[in-house]
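Each chain is listed here by its residues.
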Amino acid sequence: MSITSPMQTADGALSNNPIPLEKDALLAAYRTMRTIRDFEERLHVEFAKGDIPGFVHLYAGEEACATGIMMHLTDSDRIASTHRGHGHCIAKGVDVEEMMAEIYGKSSGSCRGKGGSMHIADLSKGMMGANGILGAGAPLICGAALAAKCRGDGGVGITFFGDGAANQGTVLESMNLAAVWNLPVIFVLENNGYAEATSVTYATGVDNFLDRAHGFGLPGVSVDGTDFFAVHKAAGELIAKARAGGGPALLECKMVRFYGHFEGDSQTYKAKGENDFNRLNRDCLKIFADRVTAAGIVSDAEIALMDREVANLIDDAVSSAKSAPQPTPQELTSDVYVSY
Amino acid sequence: MSRTLSFKLAINEALDLEMRRDPSVILLGEDIVGGSGSPGEMDAWGGVLGVTKGLYGKHGNRLMDTPLSESAYIGAAIGAAACGMRPVAELMFLDFMGVCFDQILNQAAKFRYMFGGKAKTPVVIRAMVGAGFRAAAQHSQMLTPMFTHVPGLKVVCPSNAYDAKGLLIQSIRDDDPVIFCEHKNLYASEADVPAEPYAIPFGEANVVRDGRDVTIVSYGLTVHRALEAAQTLSKRSGIEAEVIDLRTLSPIDWDTVIESVENTGRLVVVDEANPRCSIATDVAAYVAQQAFGALKAAPQMVTAPHTPVPFSPALEDLYIPSADAIAAAVLKTHPQALAA
Ligand SMILES: Cc1ncc(C[n+]2csc(CCOP(=O)(O)OP(=O)(O)O)c2C)c(N)n1
Ligand SMILES: [Mg+2]
Chain A
0 MSITSPMQTA
10 DGALSNNPIP
20 LEKDALLAAY
30 RTMRTIRDFE
40 ERLHVEFAKG
50 DIPGFVHLYA
60 GEEACATGIM
70 MHLTDSDRIA
80 STHRGHGHCI
90 AKGVDVEEMM
100 AEIYGKSSGS
110 CRGKGGSMHI
120 ADLSKGMMGA
130 NGILGAGAPL
140 ICGAALAAKC
150 RGDGGVGITF
160 FGDGAANQGT
170 VLESMNLAAV
180 WNLPVIFVLE
190 NNGYAEATSV
200 TYATGVDNFL
210 DRAHGFGLPG
220 VSVDGTDFFA
230 VHKAAGELIA
240 KARAGGGPAL
250 LECKMVRFYG
260 HFEGDSQTYK
270 AKGENDFNRL
280 NRDCLKIFAD
290 RVTAAGIVSD
300 AEIALMDREV
310 ANLIDDAVSS
320 AKSAPQPTPQ
330 ELTSDVYVSY
Chain B
0 MSRTLSFKLA
10 INEALDLEMR
20 RDPSVILLGE
30 DIVGGSGSPG
40 EMDAWGGVLG
50 VTKGLYGKHG
60 NRLMDTPLSE
70 SAYIGAAIGA
80 AACGMRPVAE
90 LMFLDFMGVC
100 FDQILNQAAK
110 FRYMFGGKAK
120 TPVVIRAMVG
130 AGFRAAAQHS
140 QMLTPMFTHV
150 PGLKVVCPSN
160 AYDAKGLLIQ
170 SIRDDDPVIF
180 CEHKNLYASE
190 ADVPAEPYAI
200 PFGEANVVRD
210 GRDVTIVSYG
220 LTVHRALEAA
230 QTLSKRSGIE
240 AEVIDLRTLS
250 PIDWDTVIES
260 VENTGRLVVV
270 DEANPRCSIA
280 TDVAAYVAQQ
290 AFGALKAAPQ
300 MVTAPHTPVP
310 FSPALEDLYI
320 PSADAIAAAV
330 LKTHPQALAA
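Protein chains in written order, with numbering that gives the first Met the number 0: chain A, 0 to 339; chain B, 0 to 339.
Chain A with its partners taken away, still in its complex shape (with noise of 0.2 Å):
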């Protein structure tokens, strides 16, 4: 998805506006957020059905930290993701049917069926991997980043990692790399409070992620991600910046999952009434659909209408997914560069 937007010059001309896009803008970032909650619902039920295979992290509650950045970047930006990663691969276009249908195994899934949620890729959309390993993609979205330099093409990298990951001896060094090499590089910190089940506060030396960033010579800025024009806002300065030739930056989004760490975690580790709480008052969907129909701009029927449409790409994805052939064994031993 590529949606050209006010906010991307850092200028700050419309920042007084109570909803600085043009309509067309949002609705797409509606559709993109609501595209990835039905597909996280969904994948819930049809994982407690025990019909999906394997590790399943789902993005609920944080769709407008994928959505509010990836607005600001063409197929040739380069993203890397996590094991977290449903959520960031359809903000950046990946397509939906095949997504479901590679959590399924199948073959018409984004990488055959070989990778599974943790792994979907889309390299034509400039989307470098879900990962499952925590950290990875730091390194490598340095290297993304160091092409486009060497191009000189103002292409960014944005690489993706948890509060948890943030502990990771390759996302510390990444920090230091982009920021001795100017690279056009966005380092965002999704917060969610938890790894695993561990919270960030315990494992976290400092009290604010911002001053590992100015440790590291990055500025940084921190914003509330469940607020989707917050992180738009701050997200497009960070990328026009990095585009420019500006260097790297640290961008914390702090926000809610509403599931477990994985599918068919108990969360007894979460307060009583948690995720509750943050259904009703944290809901990064509801906030920005109530924003934008009190202002007048987005009307409750055009919501509606969306939510209809998005319903059945889902049923539609769902459907095929499991209707899809399995590998075949021939696949077992394809890409590799030699079979013993």
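Just so you know, these hints were derived from the structure itself, not from any lab.
If you're wondering where the values come from, they're calculated on a predicted model, not measured in any experiment.
Ideal Cβ placement from N, Cα and C applies to all residues, glycine included.
Don't take each hint at face value.
[Said to hold, decoys possible] Here are the simulated DSS-like cross-link-like pairs (lysine-lysine), alpha carbons at most 30 Å apart as the crow flies:
hint, chain 1, residue 1, chain 2, residue 2
1, B, K119, B, K57
2, A, K271, B, K57
3, A, K285, A, K271
4, A, K271, B, K52
5, B, K234, B, K331
6, B, K109, B, K119
7, A, K22, A, K240
8, B, K331, B, K295
9, A, K48, B, K52
[What the hints assert, rightly or not] Not the full set, but computed from the structure, chain B residues with beta-carbon under 10 Å of chain A:
hint, residue
10, P307
11, F310
12, Y318
Once you've looked at the hints, dock chain B with the ligands against the given chain A.
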């Protein structure tokens, strides 16, 4: 007293007993308590698949959740071991060894030799191995050969609950670094396990089935596949296979293997690792060199293919050596049975 216990609980019990016996035993790893700093239940997880569940209640702060920083905490376990502690560090999935390999390869493995015999490093690194869990390419590898290759490391891979307990106790008491590999698809398997502590010495293979016609050598999950194949062969072809469970890959019990091949004259090695430079090639080469005169047929190897582990269940089921493939390999060592 002996009772039926799962592989998972046998490991839990071994850790519990050794912690009681020796105050220098400490446990560290990601979410091995699970819930640290979080508002809900502490000990919510007890490890990603619940292997250490309940130990926090018994041993408190001798279990430590770690930040998601494998280089730092695996390295810290090694350093503490070199200073008189007996840490058992959990790496979750052996695949994550990629993140912290220097601490193992260049530090732990070399201390004793490089420091002229003056250092000992009694660290245990526990990690899950193996395919079949739909966990995809970065959470499923059987990397046992990589560690077996390195002088200074001991490598253990039990096939059943009884061995898991005895070998883990031995690993903790051992003065060298031990890579303790737990096949995730064995956690639910049950065996008679004595309640008392007992140690199984390293380098003692287990002959799990007697036979005169062929020697099948394996370890871990595929021991069960080998036994299945042996039963089928006995019924269908009258071939009696001797099945050897190596239990430890370094040190390895060559004597038991050679003695068996000298009786049977035939060898099939079954290894869930990739084929090149594997446990299979290692055993086949050693037998060819040491027992060439006894061999009546070329040694056969049954391994995973030379590919990463595929996600799709349809492909993953073809990945792990099957009982059928093992039986077919045995028949190759019996051309007359094949002809019949
Ligand atoms: C190198 C590595 N270590 C551990 C894991 C296991 N693991 C997967 S996700 C996860 C928690 C990640 O937490 P965070 O970075 O905060 O992301 P979130 O899940 O909250 O989105 C862990 C420990 C892994 N996949 N890779
Ligand atoms: Mg997190």
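Would the hint linking K234(B) and K331(B) be met if the CA-CA limit is 30 Å? At roughly 17 Å apart (the allowed maximum being 30 Å), K331(B) and K234(B) satisfy the hint.
Does K22(A) pair with K240(A) here, judged by a C-alpha cut-off of 30 Å? At roughly 25 Å apart (the allowed maximum being 30 Å), K240(A) and K22(A) satisfy the hint.
For K48(A) and K52(B), compute the direct alpha-carbon distance and say whether it is at most 30 Å. 26 Å, holds
Any CB of chain A closer than 10 Å to the CB of F310(B)? Holds. Min distance 3 Å.
CA of K119(B) to CA of K57(B), is that 30 Å or under? 28 Å, holds
Satisfaction of hint between K57(B) and K271(A), Cα-Cα up to 30 Å: 25 Å, holds
Would you mind confirming whether the straight-line C-alpha gap from K331(B) to K295(B) stays at or under 30 Å? 11 Å, holds
Against the 30 Å threshold, does the CA-CA distance of K271(A) and K52(B) hold or violate the hint? Holds - the C-alpha atoms of K52(B) and K271(A) are around 21 Å apart, at most 30 Å.
When the nearest CB of chain A is found for P307(B), is that gap smaller than 10 Å? Since chain A brings a Cβ to about 8 Å from P307(B), closer than 10 Å, the hint holds.
Holds or violated: are the alpha carbons of K285(A) and K271(A) at most 30 Å from each other? With a Cα-Cα distance of about 22 Å, the restraint between K285(A) and K271(A) holds, given a limit of 30 Å.
Keeping to a limit of 30 Å between CA atoms, is the pair of K109(B) and K119(B) held or broken? Given that 30 Å is the threshold and the Cα spacing comes to 10 Å, the pair holds.
Closest C-beta approach of Y318(B) to chain A relative to 10 Å, hint status: Holds, about 7 Å.
Checked against the numbered hints given earlier, the structure satisfies every one of them.
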